[in-house]
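> Chain residues, written in single-letter form:
2 protein chains.
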Amino acid sequence: MAAYTPDARSKGIRLSKRTTYDQELVHGILNEVPILHVSFNAPPNDDMPQFPTILPMLGAVGTYKADEDAHIYLHGSSVARLFKLTNGGEIPLCVAGTLIDGYVLALAPFHNSCNYRSAVAFGLGTLLEDPAEIEYALILITNNAIPQRWENSRSQATNAELTSTGILKVRIETASAKVRNGGPSDDRADLKDDALTAKTWTGVVPAYMTLGEPIAGESNKVKQLPEYLDDWVADVNSLNEQKAVNAVDPTEE
Amino acid sequence: MAAYTPDARSKGIRLSKRTTYDQELVHGILNEVPILHVSFNAPPNDDMPQFPTILPMLGAVGTYKADEDAHIYLHGSSVARLFKLTNGGEIPLCVAGTLIDGYVLALAPFHNSCNYRSAVAFGLGTLLEDPAEIEYALILITNNAIPQRWENSRSQATNAELTSTGILKVRIETASAKVRNGGPSDDRADLKDDALTAKTWTGVVPAYMTLGEPIAGESNKVKQLPEYLDDWVADVNSLNEQKAVNAVDPTEE
Chain A
1 MAAYTPDARS KGIRLSKRTT YDQELVHGIL NEVPILHVSF NAPPNDDMPQ
51 FPTILPMLGA VGTYKADEDA HIYLHGSSVA RLFKLTNGGE IPLCVAGTLI
101 DGYVLALAPF HNSCNYRSAV AFGLGTLLED PAEIEYALIL ITNNAIPQRW
151 ENSRSQATNA ELTSTGILKV RIETASAKVR NGGPSDDRAD LKDDALTAKT
201 WTGVVPAYMT LGEPIAGESN KVKQLPEYLD DWVADVNSLN EQKAVNAVDP
251 TEE
Chain B
1 MAAYTPDARS KGIRLSKRTT YDQELVHGIL NEVPILHVSF NAPPNDDMPQ
51 FPTILPMLGA VGTYKADEDA HIYLHGSSVA RLFKLTNGGE IPLCVAGTLI
101 DGYVLALAPF HNSCNYRSAV AFGLGTLLED PAEIEYALIL ITNNAIPQRW
151 ENSRSQATNA ELTSTGILKV RIETASAKVR NGGPSDDRAD LKDDALTAKT
201 WTGVVPAYMT LGEPIAGESN KVKQLPEYLD DWVADVNSLN EQKAVNAVDP
251 TEE
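Respectively, the protein sequence lines represent chains A and B. full-length UniProt numbering numbers the first residue of the first sequence as 1 and each following residue consecutively. full-length UniProt numbering numbers the first residue of the second sequence as 1 and each following residue consecutively.
No lab work stands behind these hints: they were computed from the structure. Nothing here was measured: the structure is a model prediction, and the numbers come from that model. Ideal Cβ placement from N, Cα and C applies to all residues, glycine included. Just so you know, not all the hints are guaranteed correct.
[To be verified] Sample of chain B residues at the chain A side, in silico, Cβ under 8 Å:
(1) Arg-9
(2) Pro-56
(3) Pro-92
(4) Tyr-116
(5) Ala-157
(6) Asn-159
(7) Val-179
(8) Val-222
(9) Leu-239
Input sequences plus hints: build the corresponding full structure.
Spelled out as structure tokens, the structure:
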């Protein structure tokens, strides 16, 4: 399977055996996370040291042309500060997403952990200008969040909409994913402490995002929830719970 | 209510009417997010531009001494790269957390949105050395994630545990929160388009973190789930769903 090439950026932060550079895994995590976190360096202020800035953003990973690599497409207002910083060129970005799959409770707090999947990508972002690729990115981001929503709504954008939407296209230079699975891993001494084990519950509490009962808007005229939305809610709810429970399988640890 | 003072860091990214600098709101979001995202600048490599790095980390906001401000405490291994970067001094950090409350579906994809609560804090991180404050931070982070877990497990740390745990204490210089509530906000022209409104469902699909049925570990000896854990699961599940549903109330928009 295709993998990213580790370098100082993606390697330095990922010393553990849980790290992989698998592209499909990285893309899958970034696409499953509802809201990504994007970090960049704004020009420093006066005597202040360089602080990175993190913005929550909507985005998705996709391949626009068959002969291109997959890129991250980030959605924002075209007047946002980050978009202005590109200034016609490229801006160094770090894009991260983390999904929690469960709380891992051990005999001692020191050994508590979380089951999670996280991805961190480093790349250069440019502001899209080609209307065809902007439309591709809008469809990608919309349908990645809510499958089939693009074609089931007024998808023809107005000029005003297109000029006030900004899409950053991020060319991924390196990226990694980290996954923690399994149950608690306790100290031998704690496991032999009968008084402790007799009173301390250990195990995993699965955690996952649930979609609730859809709530129609004030102007909604469609009485019955369309099937593609009903399916989306049902699929997310059953898949997410299953992933969180599967992550506990101790053979994975 | 106490508020952070906006400066170029927290103001530049928050142009919207949805922004507040309320300390209690910022702290509440950071404490509710299961896994925080922390960004820092590693020393640059050769000819490469400065890329910020994002790490997923566990942490919580707390006040150690009554005459101190609230700080963010971040938990990690003491050998982690970020912790070494402090090098006995302070390191500029951005700490962010985002909670999704719902998917907002409008007549046109351009007006789709998310209900969410996000907090972004800028501050200087130092590596804790005082054992009493390290213990305070461990209790804070443990019980913030899983209420009452500290006192219901083997909470006396061994020397080996203490020396391999690192806690970063972040002095918050400025911070802001952004909250999006309400239903979809559609174009007037779209609302008058009877063919469009007749076929396009609009509204909000609430989204929230659920805790699943606890799964006992292989070495667990406690047959019945203790009440404090049962309460935690029930409380999280009812509160999170309620928050996501309340966020839809159109009077909030």
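> Closer than 8 Å between Cβ atoms is the bar; does B:Asn-159 clear it against chain A? Give me holds or violated.
Result: violated, 11 Å to nearest chain A Cβ.
> Given B:Val-179 as an interface hint, is its Cβ closer than 8 Å to any Cβ of chain A?
violated (12 Å)
> Can B:Pro-92 be said to touch chain A, with a Cβ gap under 8 Å?
Nearest chain A Cβ about 4 Å off; hint holds.
> Report holds or violated for the interface hint on B:Pro-56, using the least CB-CB distance to chain A and a cut-off of 8 Å.
holds (4 Å)
> Once the shortest beta carbon distance from B:Tyr-116 to chain A is found, is it less than 8 Å?
It holds, given that the least Cβ distance between B:Tyr-116 and chain A is near 6 Å, below 8 Å.
> Any CB of chain A closer than 8 Å to the CB of B:Ala-157?
Interface hint status for B:Ala-157: holds (6 Å vs cutoff 8 Å).
> Taking the least C-beta to C-beta distance, is B:Val-222 closer than 8 Å to chain A?
holds (4 Å)
> Holds or violated: the hint that B:Arg-9 contacts chain A, with Cβ atoms closer than 8 Å.
holds (6 Å)
> Does the interface hint hold: is B:Leu-239 within less than 8 Å of chain A, judged Cβ to Cβ?
violated (13 Å)
Checked against the numbered hints above, the structure breaks hints 6, 7, 9 and satisfies the rest.
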